[in-house]
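Asker: Here are the chains, one letter per residue:
There are 4 protein chains.
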Amino acid sequence: MEEWSSKRLDVRTDLAVEERERFPGDGGEVSGVVLKEWKKKEKGIHLTEVVIKNEEGARNMGKPVGTYLTLEAAALEKKDENFHEEVVSELAGLIGNLLKHHGIRTGGMEREPSSILVVGLGNPGATPDALGPKVLEHLMMTRHLSLEYGAEFCQKNGYPILSGITPGVMAQTGMETSEIIKGIIGETGPDAVIVVDALAARSIHRLGVTIQLSDTGIHPGSGVGNHRNSLTEETLGVPVFAIGVPTVVGAAAIVHDTVGAMVEVLKRESGTRRYGDYIEGMEPEEQYELIREILEPQFGPMYVTPHNIDERVENLSFTISEAIHKALFQ
Amino acid sequence: MEEWSSKRLDVRTDLAVEERERFPGDGGEVSGVVLKEWKKKEKGIHLTEVVIKNEEGARNMGKPVGTYLTLEAAALEKKDENFHEEVVSELAGLIGNLLKHHGIRTGGMEREPSSILVVGLGNPGATPDALGPKVLEHLMMTRHLSLEYGAEFCQKNGYPILSGITPGVMAQTGMETSEIIKGIIGETGPDAVIVVDALAARSIHRLGVTIQLSDTGIHPGSGVGNHRNSLTEETLGVPVFAIGVPTVVGAAAIVHDTVGAMVEVLKRESGTRRYGDYIEGMEPEEQYELIREILEPQFGPMYVTPHNIDERVENLSFTISEAIHKALFQ
Amino acid sequence: MEEWSSKRLDVRTDLAVEERERFPGDGGEVSGVVLKEWKKKEKGIHLTEVVIKNEEGARNMGKPVGTYLTLEAAALEKKDENFHEEVVSELAGLIGNLLKHHGIRTGGMEREPSSILVVGLGNPGATPDALGPKVLEHLMMTRHLSLEYGAEFCQKNGYPILSGITPGVMAQTGMETSEIIKGIIGETGPDAVIVVDALAARSIHRLGVTIQLSDTGIHPGSGVGNHRNSLTEETLGVPVFAIGVPTVVGAAAIVHDTVGAMVEVLKRESGTRRYGDYIEGMEPEEQYELIREILEPQFGPMYVTPHNIDERVENLSFTISEAIHKALFQ
Amino acid sequence: MEEWSSKRLDVRTDLAVEERERFPGDGGEVSGVVLKEWKKKEKGIHLTEVVIKNEEGARNMGKPVGTYLTLEAAALEKKDENFHEEVVSELAGLIGNLLKHHGIRTGGMEREPSSILVVGLGNPGATPDALGPKVLEHLMMTRHLSLEYGAEFCQKNGYPILSGITPGVMAQTGMETSEIIKGIIGETGPDAVIVVDALAARSIHRLGVTIQLSDTGIHPGSGVGNHRNSLTEETLGVPVFAIGVPTVVGAAAIVHDTVGAMVEVLKRESGTRRYGDYIEGMEPEEQYELIREILEPQFGPMYVTPHNIDERVENLSFTISEAIHKALFQ
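Going line by line, the protein sequences match chains A, B, C and D.
Here the first sequence is numbered in the numbering used here, starting from 619 and rising by one per residue.
Here the second sequence is numbered in the numbering used here, starting from 619 and rising by one per residue.
Here the third sequence is numbered in the numbering used here, starting from 619 and rising by one per residue.
Here the fourth sequence is numbered in the numbering used here, starting from 619 and rising by one per residue.
Hints were generated in silico from the structure; no laboratory data involved.
You may find that some hints are simply not true.
Because identical chains cannot be distinguished in the list, a pair is counted as satisfied if it fits within a single copy or across any two copies.
[Unchecked claim] In silico DSBU-like links for lysine-lysine, alpha-carbon gap of 35 Å or less: (1) Lys-774 <-> Lys-659; (2) Lys-671 <-> Lys-774; (3) Lys-671 <-> Lys-697; (4) Lys-661 <-> Lys-697; (5) Lys-944 <-> Lys-697; (6) Lys-774 <-> Lys-696; (7) Lys-944 <-> Lys-657; (8) Lys-658 <-> Lys-718.
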């Protein structure tokens, strides 16, 4: 489906794979961006690696330079009492490699493990945005054990030095999450930060079955919570990794896709391009007016979410926490 | 906006006022339905009473025979530390009158108060569907006081005889909510039931600012939870009142309205009715295909909800519980 | 430590093993009661079976006729990411055998499985009393699947027909838990009920490391919540099993044991029995006055609980839910 | 009741009034400590002010130099739908005066209001320790409004500049609460900190009916959570106020009081002081052994708490949040 016009519309996605889909063709065809795809068929897992290599690629993709790994598994749709062991293993492997690539040492190595702060971004009170906080609830923290029993305690036991915080949202604390996290980093000096967040996708097909892992942190406007500030190596001083799962689709994306589909129908049926072109040729103001009549942006962002999102978020939170455990603990 | 075709679309609303809006004109013009509207300007409250008088009206409206009161107050959008006293008073008055109309006696009357079971329908774990359970949390139950201190205790103190239950959802209990509620009614024999539920609206404008009160109970397919069974006087044996606030709009409604807006644009701009008519004249199958391409109904119902729905539901739950207290306690 | 006087004191325990300890000697020496003990040393598990055979035994023990199995494992004190697999297996075996002994069919058998209602007794808002509700949160219900897909669905998949409810507490619902449960049983007709409850022990040593399983249901005065009504085969019409873990010790038990210890010291040190006898010979009123000065019974029951009870209850809830799954699902 | 020996026993109290009770007589009789008491009879409120003036007083009391205000109201035992308005007003007055005394400016004054960080100390998952976190949930934060709308926004509206955080407990975060709070203070620079915490009392009579307000912050070993670090002006760099309500009594206090009562009985009844003296003269090791046999300190602190502590904490959290609002907002 061709994109008829998105200049005036907030048809956001936090998924690099969806940004990449806007461009036709395989890896290498978008300047500054390298795409790799591979499947683990027997596990039902489809993996993608999008590497944005330079500023040109960043401009094309609307995302910063860095690595974006996506794991997609249809099995994640159903509940599984083992929290999807194959997905956990695969994701743990991706996390471990990405951390290692950045010089972060996990538990069980020869040298002392790195200290890692995990941040559960999101609003614990709003189900689609509660993924980060829920993952934090399941994690086993260890930093206090090294405070109590000495520096070698974690190393001996194959533990990482793990701490974690759920900073809540600004309406609840009066503070930006970046202020809270910067403050904590200033006091506890971790070597790296892993942020867990709920994401917005453009397509309903991605909801709850796609996990994105990146080394570019969190950027303004991203996440279900439309984060206000950056949480990146530039702003926090240490590498910032992000793990996210899309739980909502922006309502504007739904409307946008509908209009696009309408255009296709018109083109197909009318025998000429004329009226399809008409819509495509609408002034941005008119397009915007069309969407505005339905969505009333003064209400703020509106999200489309599946009815059973609470079960999905609960299950996914265990899949992610188990993958973090598997990646960090020996 | 003319309705171009809704035969194949689930463009549901739980609000009687929205069903009534499908028909042009004032009260009396839909056979079997009487509409009354009045404002309390100084309080910013707009009230509507839709009475469906007979089966013909029920067929026209797609809702059962009975009374539907709607209270709309833009002030409900903002947080208020008094939980919107004027709305509480107004709603309490409507609740009191409707109960009285059905012979239900509230606290503070000459005779012994009626016993009332309040049901908090909905999924406590899914924020837009948690309104019912949250209201139950704030209610002051009194039935156990009459069990403990005797039948006249509540009457002397101006209390109603109030009990309450949050039956959860079928995935959590393995039981239909109607089974749980019928069973409880069989054991405790209340004179009436008040069900509190989160609703689906057709228009975003209604979300969180509209409260509906009815004496027709709960019908299959209604509510954010798409309830499977009826909770009505027919099925439960006692009068069933329902209080609800819309917290979601069905995604199909959003798409439907978009397509309708598109049709208007085409008509207006193209100078002829031709292409507008074209869309309107599409076979139902083609219209359905259009929507299906976007929404994939096999994912189940998808809902559009504002980003700050948790705050709204929290505040509304207090407004409703306070109104119930004010209506039932002397 | 000899019991100096408990006539006027509420030194309650819900554990049959602790009642049995009041009598010296091995099994068979308390009339009407048979005691068996055995260890699984390599797993660190100590098992006890107390069978109260007749009314005389019931009078001696202050507990009804029936079977009481106790599993004790010191390992339960520490957190374990496998939720204590050995304990889960052992407990699952005990549950399975006890159910089978009563003719209850679990999933995976030749015939259609029995339908079982699990009740999570207790107050979800009071941490030491939240064990039952937490276990219910982790259980996988299946009854609705048989409602949806037909009677053979569960049998084919090796599932039991499982439903569950958390009835809350009377202050929150205005109803006795027995009314709610009776009502639900009347509507859904299960073959058996399993109640999960938090218990009161007499000794701190038992807290969080002892699991009791019985086929005698719940009796008035038992549990952290001091239950008001019976949930037994007599009152509910079907076999009622109970699984519980002590999370509190009654404060009166602490005081009682202190006074007993004081008596021992006096006897030992004073060279004669005289002053120990003095205390033992105190009028019940004086003994009661002693305790009253400290505990002020008009405040209601006071409980002693470890500071990290929330972690313990969280972990134990998984151990118990996993054991129930293992016992019931093929 | 005379204190027979507390050298080896942890008979802790966080309440200055209880420490003061150890000394006979009125204010002025303990060197370095000034006591004032006054009643508001018509409101059923009893107020106490303990001022520890110097290091000698600090040594006598086992508490730091500063001011400790206690508000006691028997009415707090019962639920009240107005959250005890009189207590709210009185407490708000005490808070306002203490802040003003330290130069902190509340909302509604001529000059720009001070910025205040409220900290909800305690474990949200352990009911008796959840008071702080619950108060935070009810507070209306305003600092983000000044970030969004400019510095004069709060002043114009009579708001304080209020932010807040619930730092959780070390087992959940891997960090000391002091590290989290110091970090946040470093980033956001408040003028003062108010800590809300659940306390341990020595006597059951104080539970839930006593509110303590001080300007000395939090010291190691205090609170239900036995805090590890200080949160004081010395460690945080700004004035630290503390508001607390006792929700538990240490189990050792119960035992200690029992032994003391026993001693009294012996003295009274035996006609001589001999055996009372015997117990009082016991070697510390023997006394300790006595308590140890019952409480097994290796289990960690054990707490005695009323059975309905969840209701109490819930109600008290509103009383305290409302008092904070009344003190800070014009």
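Asker: Now tell me if each hint is right for this structure.
Answerer: Here is what the structure says about each hint:
For the homomeric pair Lys-774 and Lys-659, the shortest alpha-carbon distance between copies (28 Å) is at most 35 Å, but the shortest distance inside one copy (38 Å) is not. Within a single copy, Lys-671 and Lys-774 get their C-alpha atoms no closer than 39 Å, and across copies no closer than 50 Å, so neither meets the 35 Å cut-off. For a Cα distance limit of 35 Å, the shortest separation of Lys-671 from Lys-697 qualifies neither inside one copy, at 37 Å, nor across copies, at 44 Å. Taking identical chains as interchangeable, the C-alpha atoms of Lys-661 and Lys-697 lie at most 35 Å apart whether they share a chain (16 Å) or sit on different chains (31 Å).
With identical chains, the CA atoms of Lys-944 and Lys-697 are at most 35 Å apart both within one copy (20 Å) and between copies (17 Å). Proximity of Lys-774 to Lys-696 under the C-alpha cut-off of 35 Å is restricted to the inter-copy arrangement: shortest distance 19 Å between copies versus 38 Å within a copy. For the homomeric pair Lys-944 and Lys-657, the shortest alpha-carbon distances inside one copy (21 Å) and between copies (34 Å) are both at most 35 Å. In the homo-oligomer, the alpha carbons of Lys-658 and Lys-718 lie at most 35 Å apart inside one protomer (22 Å), although the nearest pairing across protomers, at 43 Å, exceeds that limit.
Violation of the numbered hints given earlier is confined to hints 2, 3; the remaining hints are satisfied by the structure.
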